[in-house]
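A.B. asks: Chains as they are written, first to last, in our numbering: chain A, 1 to 116; chain B, 117 to 226.
A couple of the hints might just be wrong.
[To be verified] Some, not all, of what chain B presents toward chain A, calculated at C-beta under 10 angstroms:
| no. | residue |
| --- | --- |
| 1 | Gln154 |
| 2 | Gln158 |
| 3 | Gly159 |
| 4 | Phe162 |
| 5 | Gln165 |
| 6 | Pro181 |
| 7 | Pro192 |
| 8 | Leu196 |
| 9 | Ala218 |
| 10 | Gly219 |
Since the hints were made in silico from the structure, they are not lab data. Owing to the predicted nature of the structure, the values given are computational and were not obtained by experimental measurement. Cβ atoms here follow ideal geometry from the backbone N, Cα and C, with glycine treated the same way.
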Amino acid sequence: DTGVSQDPRHKITKRGQNVTFRCDPISEHNRLYWYRQTLGQGPEFLTYFQNEAQLEKSRLLSDRFSAERPKGSFSTLEIQRTEQGDSAMYLCASSLSTGGRNTEAFFGQGTRLTVV
Amino acid sequence: LAKTTQPISMDSYEGQEVNITCSHNNIATNDYITWYQQFPSQGPRFIIQGYKTKVTNEVASLFIPADRKSSTLSLPRVSLSDTAVYYCLVEGTGGFKTIFGAGTRLFVKA
């Protein structure tokens, strides 16, 4: 396992279209996170999963955003009716939580979304 | 959630030691301090994590005073490839819910 992988790396879409991104975490990691990052800013937390359960969602995650992790392995992030303001880098990370303590998070390379 | 404050940017020269300080006045008892490095168009990469006193690994040292309200990342003998953004995070058992913040942009010059 070479780390967290995200697909696609780049996505250009027209405003109003739906897009879906995929994240494959490190296989033994039980936690998975989604972040959004715009130019010059730090990553903004969107949501995270413990196994297949989505435990927290940021207020940044509007109704147009939905994330799933159906079998506690890979995850998808879908954005419906995209807007130009959705243009950003979407980062996925995973970590191993044991006994309440997190190990370091490993990030993927991200998916860069451009809405035109 | 603890909020962190870091300098926006720092400049250094190759071969120098760089110290980046982060303030986290509201850190909770069970929070850990974690530092990440990010290069353009890449995801952040873990550098070091600590709870108190001093932690050292092959790339950096982390100094945490007794009150834990601040921490200092120390990068020994930086090179041009250390030019990046460095983020300080404070996280508890809940994981990475903490907002990264804008980080510190380190520029290493020849």
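A.B. asks: For every hint, state whether the structure bears it out.
C.D. replies: Hints and how they fare:
1. A hinted interface residue such as Gln154 of chain B counts as satisfied when its beta carbon comes closer than 10 angstroms to some beta carbon of chain A; here the least separation is about 8 angstroms, so the hint holds.
2. The closest approach between the C-beta of Gln158 of chain B and any C-beta of chain A is roughly 6 angstroms, which is under the 10 angstroms cut-off, so the hint is satisfied.
3. At its closest, the beta carbon of Gly159 of chain B sits 3 angstroms from a beta carbon of chain A; the interface hint therefore holds under the 10 angstroms criterion.
4. Because the smallest distance between the Cβ of Phe162 of chain B and any Cβ of chain A comes to about 4 angstroms, under 10 angstroms, the interface hint for this residue holds.
5. With 10 angstroms as the threshold, the beta carbon of Gln165 of chain B comes within range of chain A, its nearest partner Cβ sitting at about 6 angstroms, so the hint holds.
6. With its C-beta approaching chain A no nearer than about 22 angstroms, Pro181 of chain B sits outside the 10 angstroms limit, and its interface hint is violated.
7. For Pro192 of chain B, the shortest C-beta to C-beta distance to chain A is roughly 21 angstroms, which exceeds 10 angstroms, and the interface hint is violated.
8. With its C-beta approaching chain A no nearer than about 21 angstroms, Leu196 of chain B sits outside the 10 angstroms limit, and its interface hint is violated.
9. Hint on Ala218 of chain B holds. Least Cβ distance to chain A is approximately 5 angstroms, under the 10 angstroms limit.
10. Evaluation of the Gly219 of chain B hint against chain A yields a held restraint, the C-beta minimum of about 5 angstroms falling below 10 angstroms.
Violated hints, listed in ascending order, are 6, 7 and 8; each of the other numbered hints is respected by the structure.
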